[in-house]
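Following the hints, position chain B against chain A.
Next come the chains, spelled out residue by residue.
2 protein chains.
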Amino acid sequence: MTYHLHYWPTIQGRGEFVRLALEEAGAAYVDMARGDEKDGGGEKALMADIGDHDHPSFAPPYLVDGDQVIGQTANILLYLGPKHGLAPRDEAGRLWVNQLQLTIADLVAEAHDVHHPVGMGLYYEDQKAEAARRAQEFRTARMKKYLGWYETVLEKAPAGGWLTGADLTYADLSLFQVVEGLRYAFPHAMKRLEPKLERVIAVRDAVAQRPNIAKYLESNRRLPFSTEGIFRHYPELDPA
Amino acid sequence: MTYHLHYWPTIQGRGEFVRLALEEAGAAYVDMARGDEKDGGGEKALMADIGDHDHPSFAPPYLVDGDQVIGQTANILLYLGPKHGLAPRDEAGRLWVNQLQLTIADLVAEAHDVHHPVGMGLYYEDQKAEAARRAQEFRTARMKKYLGWYETVLEKAPAGGWLTGADLTYADLSLFQVVEGLRYAFPHAMKRLEPKLERVIAVRDAVAQRPNIAKYLESNRRLPFSTEGIFRHYPELDPA
Chain A
1 MTYHLHYWPT IQGRGEFVRL ALEEAGAAYV DMARGDEKDG GGEKALMADI
51 GDHDHPSFAP PYLVDGDQVI GQTANILLYL GPKHGLAPRD EAGRLWVNQL
101 QLTIADLVAE AHDVHHPVGM GLYYEDQKAE AARRAQEFRT ARMKKYLGWY
151 ETVLEKAPAG GWLTGADLTY ADLSLFQVVE GLRYAFPHAM KRLEPKLERV
201 IAVRDAVAQR PNIAKYLESN RRLPFSTEGI FRHYPELDPA
Chain B
1001 MTYHLHYWPT IQGRGEFVRL ALEEAGAAYV DMARGDEKDG GGEKALMADI
1051 GDHDHPSFAP PYLVDGDQVI GQTANILLYL GPKHGLAPRD EAGRLWVNQL
1101 QLTIADLVAE AHDVHHPVGM GLYYEDQKAE AARRAQEFRT ARMKKYLGWY
1151 ETVLEKAPAG GWLTGADLTY ADLSLFQVVE GLRYAFPHAM KRLEPKLERV
1201 IAVRDAVAQR PNIAKYLESN RRLPFSTEGI FRHYPELDPA
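First to last, the protein sequences are chains A and B. No gaps in the numbering here: position 179 of the first sequence is 179 in this note's numbering, and each next residue is one more. Take any residue in the second sequence, note its place counting from 1, add 1000, and you have its number in this note's numbering.
Same shape as in the complex, but just chain A:
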């Protein structure tokens, strides 16, 4: 069965966490909104489809698998994980990976709020002063707290180098994406933090070398980071 992923067609955004899992798994999927309009692609079709289900989603991404429709990034991964060997089979293990993913979701929401602190309906240009204030705390306290927490998790994990030890899970793929996003958005801040994030960076590097991921990152399916997405590089928010 081919999965249908529904997400904004021009950004990595939250959909990227799902794309990485599908790519690593080598799963067959169509990134619906990136298709031609005549095949149901485009943002208009996405917005028309999202509410048109018994289980509508509040926002993209959502995944359609046959007659099942699943929204919320962490929830989609909770569904895909055990199906594709990207999560432990036992309940305690699955819950722990879900917890790791939900904490990434919190980080991602904060990374978004840096450039949209007072209104997601407003442009960044309309909230630059507020963004500068918020960015300061994010750079100097929040990034360090979040990434440092993952470093601690890796330190406490059983041997193997992944977040849960010997086996890659979707949370490792998501940690890769967060490091990439933060490196793009806050290169100076990351340069300062990385010396203390040896294990986190090792996960990032190991994910980048997974054959399916490496192929994906080279492909045109991987959209570039940009100032339309969640992680945005505005030099004034990341002083040297």
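FYI, nobody ran anything at the bench for these hints, they're computed from the structure. The beta-carbon is built from N, C-alpha and C at its ideal position, and this holds for glycine as well. Just to be clear, a hint being listed does not mean it is correct.
27 Å max Cα-Cα, derived DSSO-like pairs, lysine-lysine [to be verified]:
id, chain 1, residue 1, chain 2, residue 2
1, B, Lys1044, A, Lys145
2, A, Lys83, B, Lys1083
3, A, Lys128, B, Lys1128
4, B, Lys1145, B, Lys1128
5, A, Lys215, A, Lys144
6, B, Lys1196, B, Lys1144
7, A, Lys145, A, Lys128
8, A, Lys145, B, Lys1128
9, B, Lys1044, A, Lys44
10, A, Lys191, A, Lys156
11, A, Lys145, A, Lys196
12, B, Lys1128, A, Lys44
13, B, Lys1044, A, Lys144
14, A, Lys128, A, Lys191
15, A, Lys156, B, Lys1044
16, A, Lys128, B, Lys1145
17, A, Lys215, A, Lys83
18, A, Lys145, A, Lys191
19, A, Lys44, B, Lys1083
20, B, Lys1196, B, Lys1156
Between beta-carbon pairs, the in silico distance windows are [to be verified]:
id, chain 1, residue 1, chain 2, residue 2, range
21, B, Ala1214, A, Ser219, 53 to 59 Å
22, B, Lys1083, A, Gly40, 39 to 45 Å
23, B, Thr1152, A, Tyr234, 49 to 55 Å
24, B, Gln1209, A, Asn220, 52 to 58 Å
25, B, Lys1044, A, Gly148, 17 to 23 Å
Leaving out everything else, chain B in the frame of chain A:
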């Protein structure tokens, strides 16, 4: 087995979603940080304990059940739900309830950011101007979009009045909590919205009448809303 809930002792906050589930279930639990310091209570003990596990949590709440430690509100509820008849037994049903809960988590994060738009390490008093800007969008667009979505979910649900139809789930308890929180924080905005939220308010009312919940709300275990919590009432953020 008695659950140990670890959360800030003086606020409802995110811990309240877990407390409501435990109370509805009639489960035995100890709200650890609310105990005497000599019994391991207090914020200091909470901060000492949180990292002291193989599976540390990034932030409270976390739940200890025997040797299992589970963090992230939605994840704790995912664990408790099927154990206590507060979630469907089938996978598709559990994922849908998780999706409903994760969307509440997003709403809760935005409700928090209204009074802390530029820095969670700063006081509200240090970001009043920014909060006023953010509150405007929250009141006029976001609250309506979120609560309107739950109204649509209820409209599409099978008969029964709960979010999934005939059976109460923890997502209904959480929706109750959100309505209570928003009524406290934004009474004027809620008065304007409620006429179009008939089904949401009916869930709120039905939850309040559950015998275990009614008893809990009357007890001193239910902490009051306050300007220390997530939902905060600042009259200047909710004009008539």
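Sort out whether A:Lys44 lies within 27 Å of B:Lys1128, counting only the CA atoms. Given pair B:Lys1128, A:Lys44 is violated - Cα atoms ~37 Å apart, limit 27 Å.
Hint consistency between B:Lys1044 and A:Lys44 [alpha-carbon to alpha-carbon, up to 27 Å]: It is violated: about 51 Å lies between the C-alpha atoms, which goes past 27 Å.
Within 27 Å, alpha carbon to alpha carbon, are A:Lys128 and A:Lys191? Holds - the C-alpha atoms of A:Lys191 and A:Lys128 are around 24 Å apart, at most 27 Å.
Holds or violated: A:Lys145 with A:Lys196, Cα cutoff 27 Å? Within the cut-off at roughly 12 Å; holds.
Taken at face value, is the distance from the CA of A:Lys145 to the CA of B:Lys1044 at most 27 Å? It holds: about 19 Å lies between the C-alpha atoms, which stays within 27 Å.
Taken at face value, is the distance from the CA of B:Lys1044 to the CA of A:Lys156 at most 27 Å? It holds: about 23 Å lies between the C-alpha atoms, which stays within 27 Å.
Can the restraint linking A:Lys145 and A:Lys191 be considered satisfied, given a maximum Cα separation of 27 Å? Holds, because 15 Å separates the two Cα atoms, which is no more than 27 Å.
The hint says 53 to 59 Å between B:Ala1214 and A:Ser219; measuring C-beta to C-beta, is that right? holds, 57 Å
Given pair status - B:Lys1128, A:Lys145, alpha carbons within 27 Å: holds, 25 Å
For the pair B:Lys1044 and A:Gly148, does the Cβ-Cβ distance stay inside 17 to 23 Å? The hint (17 to 23 Å, Cβ to Cβ) holds, given that B:Lys1044 and A:Gly148 are roughly 21 Å apart.
Holds or violated: A:Lys191 with A:Lys156, Cα cutoff 27 Å? Cα-Cα ~24 Å, so holds.
Take the C-alpha atoms of A:Lys145 and A:Lys128, compute the straight-line distance between them, and say whether it is at most 27 Å. holds, 24 Å
Violated hints, listed in ascending order, are 5, 9, 12, 19 and 23; each of the other numbered hints is respected by the structure.
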